[in-house]
Structure formats: structure tokens, C-alpha cells
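Read top to bottom, the protein sequences are chains C and F. For the first sequence, counting from 1, position 261 maps to 315 in our numbering; every step adds exactly one. For the second sequence, counting from 1, position 151 maps to 154 in our numbering; every step adds exactly one.
Worth double-checking, as some hints may not be accurate.
[Stated by the list, open to error] If you anchor each label on the Cβ, the simulated ranges turn out as follows:
no. : chain 1 : residue 1 : chain 2 : residue 2 : range
1   : C       : Glu-421   : F       : Ser-66    : 21 to 29 Å
2   : C       : Arg-224   : F       : Ser-109   : 54 to 62 Å
3   : F       : Pro-44    : C       : Glu-421   : 32 to 40 Å
4   : F       : Arg-132   : C       : Asp-214   : 50 to 58 Å
5   : F       : Arg-132   : C       : Asp-197   : 21 to 29 Å
6   : C       : Gln-494   : F       : Ser-80    : 21 to 29 Å
7   : C       : Arg-134   : F       : Pro-44    : 32 to 40 Å
8   : C       : Glu-309   : F       : Pro-129   : 54 to 62 Å
9   : F       : Ser-80    : C       : Arg-129   : 29 to 37 Å
10  : F       : Pro-44    : C       : Glu-315   : 29 to 37 Å
11  : C       : Pro-499   : F       : Glu-67    : 31 to 39 Å
12  : C       : Pro-244   : F       : Pro-42    : 50 to 58 Å
13  : C       : Ala-228   : F       : Pro-186   : 20 to 28 Å
14  : F       : His-139   : C       : Arg-134   : 30 to 38 Å
[Said to hold, decoys possible] Which stretches of chain C does chain F cover? Using the computed rule of at least three CB atoms under 8 Å from a CB of chain F, they are:
no. : stretch
15  : 73-80
16  : 106-118
[As the list claims (entries may be wrong)] Pulled from the structure, derived: some chain C residues nowhere near chain F, Cβ distances all over 10 Å:
no. : residue
17  : Tyr-167
18  : Glu-309
19  : Pro-340
20  : Phe-378
21  : Ala-408
In short, the hints are calculated from the structure, not lab data. Given the structure is predicted, the values throughout are model-derived calculations rather than measurements. Where a beta carbon is used, it is the ideal one built from N, C-alpha and C, also for glycine.
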Amino acid sequence: MSDPEVIVVGSGPVGTSISWWLCQRGHRVLVLERGPDVPYPHSPQFEARVVHQTDDPRFHAAPGLKGITTSGDYRFDLDRERSAVVGGSGTHWEGIALRMLPVDFRTQSRHGYGVDWPVDYAALEPWYGRAEDLLSISGTAADDPFGPPRSSPYPLPAFDLAADDRLLARRLRAAGITLHTTPQARTRHPRDGRPACANYGTCAVCPIGARYSPNHHLRQAAQTGRLDLRPETTVRRVLPGGRGRRPAVVVRAREDRQDRELVARAVVVAGGAIESTRLLLLSSGPGHPDGLGNASGHLGRHFALHHVWWNDLLYDELLYPGRFGGWTGQSLQFLDAPTRGRHGALKVVFSSRAVVHELRAWGSADEVWSQLERRRRTRRLLLVGEPETGPRKRLQLSRRRDCFGDPFAHLHYELSDFDRATFAFAREVHDRFVAATGAQAAPLPQDPARFGSGAHHMGGCRMSERVADGVVDPFGAVHGAAGVFVAGGACFAGPSGAVNPTLTMVALALRTAAYLAERVLR
Amino acid sequence: MAAVRAALALGLAVAAGGVVRWILRFPGRSTPGLPRGSPGPLSPRAELFLAALSEAVVGRPWSEVDPLELFRHRAASIPGYRRIYEEMARKLDRQARRRGARVFASLAPEDRRGLLREVKIFPQRPRWRGLRDLPHRQRFRFDRFVIREILHLYVHTEAWLHLGYPARPGLPRGLGAYTHPLPAPTGPFR
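Here chain F stands alone, though its shape is the one from the complex (with noise of 0.2 Å):
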């Protein structure tokens, strides 16, 4: 009778271990979708503070693409967007301001990076755990919403240049250069 027991007991205790799991991960393994937000055009404000993060993520001026454009649309496009980057602008401001800088745009580019790292925001990527990482939410949206989306735009436009591409896909290429050979690369990124 006791080894029932013992046995129900380690089968309760299993399956309370599972459920508390469960609870843990709630509310699912993806991390939180777009908030609340009327699509609408940004701030001045907002606009200087994603201009300068853009080339802070990415370590260098943007020179074929004016990130912006894809902020401005998805802000005024796309419910939610406009909210986030607003938060966002209006948190790292705040952070800048503790640093003696006016705005997060008025920091030095190296410190934009030492700034975002000391938020946890970027470069390392925030692996979202459930309901233990509900309080920082908003630090998984501006990671999925904002920065992700400026490493996808620059993937896909400015790092063809960076890579040595003389052109990159987007625009018309024409047909008379693809067949010859690139002459080696040079400057920083050979």
C-alpha cells in the first residue's frame, strides 16, 4: 500500500512539475505579436531615434537605402508599428538622457551600441521564455519588430554593396554584367 501511495505521490508530483512547466511557458513558445496602435505618421522624434539605430545595428551609414521609408510605411500601413516605435524612441531617449546626452541620436555611434547592449536589446537576441519574460514584453517586440526588420532590410540591400556586389537585386541589373567575372574585392570588406 505504501508503494501505491509512493507511486501516486511521484506520479501528482511529475505531473504538478508539468502543468507549473506549462504555466511557465504561457502564454506560448513565440514571442508577443504586434500591440494595440492606430497606423498613423511618426514623430520627428521617433524618425531621428530610427535613423540613428538603424546605423547603430548595422555598424555603418546607410548609403543605397534610406531605412525611414520602411519605418515610415509600416507605421502608417500597419497597426501597432507606429505604437512601438514611439515606445522605443521615447525608452532609449530616456536611457540617453541618464548617459548626459540630449537624445539617443546625440550619443556617439559607439555609444549607441554600448547603450543598447547595456539594455539588452541588441546584439545578443533575447530567447523568449513565456510567462517569466511577460514583464519584459516590450524588450522582445523592439527586438522582433525593429531590429530584425532592419538586419532583414539591410541583408537584402545594403550588405550586396558591403559584400562587393556591384548592384543588388531590386533593381534593374541588365543582362550584360552577370556573365563576367567580379575583379577582386577590395577595402575593408575583401
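Bound conformation, chain C alone (with noise of 0.2 Å):
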């Protein structure tokens, strides 16, 4: 392929997206993979992790490639949380595709807390409708009361409730409380080359491709013969373009000895939200000697997690929960309470999912059967709560450093006193489905830092209209750096209220994509 016009660094959903959207509109695009080629659809992985039960290295990172750092409250291994291979971690995402609400890009006139967004809902929307064509999401806005507004119906049905969803399902109407379906990146039935899910049950890692991966619009955007994808090829620096000088990149391919300049009319960083804010900071030099797109301090700040908080509660009756792969219960009833402003939103996740798989330390073969018996009777209770993003919540760059040379990423992460008062509201809603539901009694663990993100990390190059208030302008481009563009969750201006973040890191990408289509490109 000759010279390419735009380069992308990583092939997650957010690099494939903008890749995609690119090469079907005649442009060439070269995409930069630091992990290897994995196979598409994934039946080799679900064989390795399936059938197997092994982890097969050939489908991860080459050592010394991951090593990020923390300090503070989050205990989990976030390095864990990111896979780095082609297709990145939307190869083993769980699917859940959900727009944020209006509200949620205007908190602080809102609700008095955070920022407000330089781009508003309606601004966004026919790129929700865009991104969920592309991922071909299957959900239905009939069920929901408190889904956001929409100009066009989902691409595919829903999944129904299970059997034991629709049983809690009344209890909870009974109490005030709508559960109601999930949209998701499942085919319901075929679609863009997309075979039905199957219900296999093992959606990490789908072997036929129902669950989206973005292995599949890699191949697509590769048979335009316009998409030149370059995996185990990390990328060390950006360089900004500027004075007749196109913007580059520095790469160290894994076969190669030393880096090369690799140039191109555009740079699109999509490498997640920590791997995009430290190459940012790792790209210092003359005229930002703090970073790309660090002349206003902001780079690596209003970084954020969700606040995953679970529980499991135990039922007198059978369940049998799992007999569906993917998600099917859940209530954004709470993403705007009445009382937000105070705290943040919520999510409720009452999903009919096999929690048998997490059973881990048996002491015997009677605690197996134990164990196992009780997880029959068992529904687990997720609790999504909105973080605010403050000084304690900082990716900066660490000690430790990399196979090149180069410093891994460090996140110092506490939580606030906002913080805190969402974990009492998620305590609140919590025991109101135990006692909704007739849970035997449960109470929610008592520690707020007891949490999971749910691999939702967002911001570290936040998107605003002024230079001094961001890293990255609305449409992505880095403040005071010609050519180069952050795309995906590291320019959220602030968190994604309280859902998944993925399909909102998707619209802006193919809002980015169009952006540099017919003002960069043109």
C-alpha cells in the first residue's frame, strides 16, 4: 500500500471504527497494533480458554509491553482490564451497548457537579444511531422508561428477560422498580455477515462472532485493499506536524532492532484512555516539554472508573441463573434520581448471569458441591456508580518502565466524599431490591473501595472547546498539536454518567472519522 493518509494507534473498537469509516470512503489508513494478530471469529480462543481451560499466550501481549502502576484505592490489576492484541479488548468485551443521557453531558448546570461537555446530546445522537448500526446492537426502547430519546429504532430485536428475570422482574414492579432488557452487541438474528448468537454462554469470548469484535470491521476495512494493519508494532511517539512538516509517529516493530518515523496527513491515538494519555505524555518536546497537548496541565487528569459495586443475594426458590450467555436484566431507573446533585447516577445490573464460573478457592469436594448448589439460588446485584473526577484521580507516567525503555503508566486513584455518598445511594437501591425481591438478607459490603470498574476507564485527555480547559478539542483534535487527534474514552470530558461507556467512545470516533473525512483529509 503507498503511503498512508491517516494513522491509527490501536485496533480496539474506537482505532477500527475511525479505520472502518475511513476505508470504505476511499482513504488509506495504516493501524498500529503493539499486541499480535489474534484469529477472527474467535473459535481458536474459545477453544484455548473453553475447552482447553488454558491461557493461550499466543493470544496476548508479548511481555514487557503492559506494567501500569497505582497507588490509592483501585486494588484490581488494570493491566488485566486492557487487552492488547488486534481488536484490543473489544475481542472479550461483554457487549453492553448504552447511550448516556442528555443529562449526563450537562452535570454541572445540571446537578452542580463536574463539567459540562462541549458537545451535547443532540449533537451526538445521530451518531449513537450510526454506532449502533455498526455494532449491530439488539435492544428495544419499548420496555424502558428511562432510556434517552432516539431518532431510530435498534438495528435488531432484544433479547428477551430469562425465566427467573421476569419472576423478580414482578416482584420489583410491585415495589415501584422497572427491570427491563439490556441492548447489546449481539446478534439477535444475522446481520452484516454476522451469524445469530447461538447461545454458546461463554461471550468473552464468542467463537462465532455474534458478540462484536472489531476483528470483523478489520477484515471488512482490509478487503477495500485501503487498510494496512501492522500488529506486535508499538508506538513510542507522536509527533505534532506543523511548519510544512507532516505529523508522524515513532514505532518499534517486535522484529526490528531500532524505531522508525512512520508520517502521515493525520494521527489518530485510540489506544484506550491510559495507553492514549501516557503516549501523550511520553510525546514531551520542544514547545510542550510536559506532554502533547499539555499546555493547560490538563493531560492525565479527570480520569475516571466506574464504581462497580456487587453483591450476591441469595433466593429461597431454584433460579437457574445463566442459561443466557449474555446480559438480560437491568434498570436505569436510577441514572437520574431525584436526589442527584448530592450523588451520582447509578446503574442497577439484576442480570440472569452464571456466577458459577468465579468459584474458585474450594477447600473439598463437598465445598464444590456446596458452592455450586447454592449458586442455583443465587443472583448477583451490580451497583454501576458515576465517580467524579478531582486532583486524586491522576494518570501520570511511572517509575517502572517498559521492554523499550520508556515509562509505564501510573494511576494514583482515590475516592471523594461524592464518592462516597453514591455507594450510600447504591446502598439505599440495594436494599431496596433485597427487600423487593425477598433476598434472604444481605447487606452490601460495607467499604466503597471494595470496587471493580468494569474496564471502564475514561478521560485523561479531556475534550473542550478551549485550550485552557482540555487536552483535545470536540471532535478530538490535540490543542496546540497540527495533525494529531486522541479518539475514544481518554477525551471524555467527564465520565459516561453511570453506563458502559463503549458505544458513546464509538459515536465520537465516527464523528472523529467524519470530522477528518471532510476537513482534514479533503
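Quick one: dock chain against chain with the hints and give me the complex.
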């Protein structure tokens, strides 16, 4: 392929969406991915993980490429939450595809916390529709009175609630709580060359491609003849354009002993919130000594994880959760509760998912059996809290270095009083679910710092209208770095409320791709 | 002066105790990893043993999944597994001969479990205590790389059927059934 017009760093859902969009419109794109290429559909990965129960190293990045360090309240391994392979974390995500609410873009003016985004829901709404079309989302708005307004229907019908969902939904309804279906990137029917979901139940590694993987669109983009995908190629620096020079990246391929410089008309950094921020921090130079786009000092700040608290509720009756592999019931009723502002948004996931797989610490065969028996009567309640961004949640460069000698990212993450108030609200909602559904008394654990992130990493390169307020403009162009863009969760102005961020990332990515095609590459 | 000496002696004793504790925990908190050993096919004797062991560990025959497929795959593709499997087969066949059986697999099912209990391999999970357990590291490897993996496979496959689910994950279950309640379970696993 001749010289690329655009270099995209990262091949996850965001990098792939941009590459696919541009290739379909006649542009030449080079995608650089630090991890290895992996088969698609993911049947070999399925065979390794599900049939042979092994973690095959061929499907992971080489050692020395991941090594984030952390301090503060977050206790889980962020490296395990980020996949460095072709397709990125999109090769094993859960597929939940929700839109943010209009108010989530306006939390400062409506509720007095966070910031107002420089884009609003109305501007993004058509792009949400395109993102849903691209990912072939199955869903319905008919049973969800709390979702945002839509100008187009979901591309595919929803997956029905499971039998145990219906039982519990009836009890919840009597207590004034709505449990409804979950929009998701699984194909209810065949679409766009993907087969219908066959309910293997191993969605983290779907063997047939019913659960969306970016590799599907990378393949389509490759068929145009305009995509050059280079796995196992790490981008070490981004060099901005200007003064007659085109933007470029400094890369090291696995087989190379020295760096190479690749140029294009535009460079899009789409490596996930953590790696994109890290790459801009690493790309300091004359005129930007603290990193690209960091004249304002905002680079690395405004980072957030979702706060996912959970509890396993035990019932007297046999529920048999896990007969459908994907996600079933959830409630968006508490996203914009009347008390929001004193605390953040809250999403409740009460899905008929199996938790059998999480059994680990068996002491004896009797314990195995006893735990399994309880799981038939167990339902996991997930409470996803909106985080508050602030000075105590920040990405910087670590002292630890990767295999090329570059510092890894370091995340310092501390919960704020606002986060604790959201946890207190989550406990109230939890207790309502327990009482309404007749679960055996099971208090939510007391510690607000016992939370997972859902692998939802947001911010670090905040978008802003004014250079002084952020790192990129509303289309992802890095302030003061000609020809360099950031796309994806990194440029969120704040967290995505309490909803899963992937669909918003893809919607913003497609919007950035259109901007590139119309304004930069013309 | 005497008080200072006494304080110093106490400090030294505490420090020495810490060092001794650290040494006893050497080489770390975690159980031993896989030993060195080249991948390759399993011997018929090891296969016979592993099939019998899988049944003994879960306490019932396997109907849906053949655990030997897992063992064969690991032995053939991951260094160290074949050695552990062969060593465990040799050790437990030897123990079975002391009980008058030809090999472990020829013991009656309840005797297989009895033998496992006798050699402290199952059902109780041993707790790794560092240096003190170094002479017994083989037993810990058996627990981690054989017994736990049999249970893991069981939880992900056969157990679902024993619990009353009509099908297990990992097979295409279709979208027609999960919205309907299951009939009340019957049999020993109600």
C-alpha cells in the first residue's frame, strides 16, 4: 500500500471504527497495534479457553508491554482489564451498548458537579444511531421508560428477559422498580455477515462472532485494499505536524532493533484512555515539554473508572441463572434520581448471569458441591456508580519502564466524599432490591473501596472548547499539535454517567472519522 | 546500661525471629509452579490413572466431557504437565499395589478416594507453608495442577447438568428455552 493518509494507533473498537469509516470512503489507513494478531471468529481462542481451559500466550501481548502501576483505592489489576491484541479489549468485552442520557452531558449546569461537555446529546444522537448500526445492536426502547430519546430504532430486536428475570421483575414492579432488557452488541438475528447468537454462554470469547469484535470490521476494511494493519508494532512517540512538516509516529516493530518514523496527514491515537494519555505524556518535546496537548496542565487529569459494587443475593427458590450467556435484566431507573447532585448516577444490573465460573477457593469436594448448589439460587446485583473526577484521580508516568525503556503509566486513584455519597445511595437501592425481591438478608459490603471498574476507563485527555480547559477539541484534535487526534474514552469530558462507555466511544469515534474525511483529508 | 543492653538483645531477638520466619516461608507464599519437562503424549498407564482419578475426585462418572482430552492437550502443549501426570500415576499406582491392587484404576471407587485421603492429596486442600513444605512440594503440585484443574473443569461442564440445567455453557443452547422456567428438578441433586 502507498503512504497512508491516516495512522491510527490502536485497533480496538475506537481505532477500528475510525479506520473502517475512512477505508469505506476511499482513504488509506495504517493501523498500528502493539499486540499480536488473533484469529477471527475467535474459535481458536474459544477452544483454548473453554475447551482446554488454558490461557494461550499466543493471544496476549508479549511480556514487557504492559505494566501499569497504581496507588490509592483501586485494588484490581488494570493490566488485566486491557487487552493488547488486534481488536483490543473489543475481543473479549461484554457487549453492553448503552447511550448516555442527555443530562449526563450537562451535570454541572443541571446538578452542580462535574463539567458540561462541549458536545451535547442532540449533537451526538445521530452518531449513536450510526454506532448502533455499525455494531448491530440488539435492543428495544419499548420496555425502558428511562432511556434517552432516539431518532432511529435499534437495528435488531432485543434479547428477551430470562425466566428468572421475569419472576423477579414482577416482584420489583410491585415495589415500583422497573427491570428491563439490555441493549447489547450481540446479534439477535444474522446481520452484516455475522450469524445470530446461538447462546454458547461464553460471551467473553464468542466462537462465532455473534458478540461484536472489532476484528469483524478490520476484516471488512482490509477487503477495501486500503487498510494496512501492522500488529506487534509499538508506537513510542507522536510527533505533531506544523511548519510544513506532517505529523508522524515513532514506532518499534517486534522484529526491529531500532525505531522508525512513519508520517501521514493525520495521526489518531486510539489506544484506550490509559495508553492514549501515556503516549501523549511520553511525546514531550520542544514546545510541549510536559507532553502533547498539555499546555493547560490537564493531560492525565479528569481520569475516572466506574465504581462497580456488587453483592450476591440468595433466594429460597431455584432460579437457575446463566441459561442465557449474555446480559438480560437491568434498570436505568436510578441514573437520574431526584437526589442526583448530592451523589452520582447509578445503574443497576440485575442480570440472569451465571456466577458459577467465579468459584475458585475450594477446600474440598463437599465445598465445591455446596457452593454450586447455592449458585442455583443466587443472583448477583451490580451497582454501577458514576465517579467524580478530581485532583486525586490522575494518570502520570511511572518509574517502572517497558521493554523499550519507556515509563509505563501510573494511576493514583482515591475516592472522594461525592463517591462515598454515591456508594451510600447504592446501598439504599441495594436494600430496596433485596426487600422487593424477597432475597435473604444480605447487606452490601461496607467498604466503598471494594469496587471493580467494569474495565471502564475514561478521561485523561479531556475534550474542551478552550485550550486552557482540556487536551483535545470536541472532535478530538489535540490542542496545539497539528494533525494529531485522540479518540475514544480518553477524551471524555467526564465519565459517561453510570452507563457503559463503549457505545459513546464509538459514536464519538465515527464523528471524528467524518471530521477527518471532510475537513482534514479533503 | 543494663536496660539498653536488654532492649538491644530484645530487638535482636525479634529481628532474628523475623528472619527465621522469612526463611521458613521461602521460596514464597505461593505453591510450587510447574516443573521442567518436555511436552509430549501421555503413556497409556497415565491415561488410565487420570481417568480413574477424575472420577474419584468428583465422586461420579463423567458423561458429558472426557477429562482425558484436557489432560492430553496439556501434556502435549504445556511443558511440565506430562511430567506431573506421569509422576502422579507412578506414585498412586505404587500406593495402590501396597493395597493389593494392580494399579490405582483397578481399585473400587470408594477405595480410590480412601487412598487419596491417606496420601493427603484429596479432599482436603493442603496449605503451602514455604520451606517447611519443600520436601512435599510434589504433593502441592498434584493438588494445584491436577486436582484443582479436574474440579475446575467439572464446575464449568458436568456440574451444570448435575445441578439440573438442561445444557451447559460452551455448547450452542439456542434462544428458545431460556425464557421458560425449568421443571422442578428430580433425582439425587434436587
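So, going through the hints one by one against the coordinates:
no.: 1; hint: C/Glu-421 - F/Ser-66: 21 to 29 Å; verdict: 23 Å, holds
no.: 2; hint: C/Arg-224 - F/Ser-109: 54 to 62 Å; verdict: 55 Å, holds
no.: 3; hint: F/Pro-44 - C/Glu-421: 32 to 40 Å; verdict: 34 Å, holds
no.: 4; hint: F/Arg-132 - C/Asp-214: 50 to 58 Å; verdict: 52 Å, holds
no.: 5; hint: F/Arg-132 - C/Asp-197: 21 to 29 Å; verdict: 55 Å, violated
no.: 6; hint: C/Gln-494 - F/Ser-80: 21 to 29 Å; verdict: 44 Å, violated
no.: 7; hint: C/Arg-134 - F/Pro-44: 32 to 40 Å; verdict: 33 Å, holds
no.: 8; hint: C/Glu-309 - F/Pro-129: 54 to 62 Å; verdict: 45 Å, violated
no.: 9; hint: F/Ser-80 - C/Arg-129: 29 to 37 Å; verdict: 33 Å, holds
no.: 10; hint: F/Pro-44 - C/Glu-315: 29 to 37 Å; verdict: 49 Å, violated
no.: 11; hint: C/Pro-499 - F/Glu-67: 31 to 39 Å; verdict: 36 Å, holds
no.: 12; hint: C/Pro-244 - F/Pro-42: 50 to 58 Å; verdict: 40 Å, violated
no.: 13; hint: C/Ala-228 - F/Pro-186: 20 to 28 Å; verdict: 26 Å, holds
no.: 14; hint: F/His-139 - C/Arg-134: 30 to 38 Å; verdict: 31 Å, holds
no.: 15; hint: 73-80; verdict: violated (count 0)
no.: 16; hint: 106-118; verdict: holds (count 3)
no.: 17; hint: Tyr-167; verdict: 40 Å, holds
no.: 18; hint: Glu-309; verdict: 25 Å, holds
no.: 19; hint: Pro-340; verdict: 47 Å, holds
no.: 20; hint: Phe-378; verdict: 4 Å, violated
no.: 21; hint: Ala-408; verdict: 7 Å, violated
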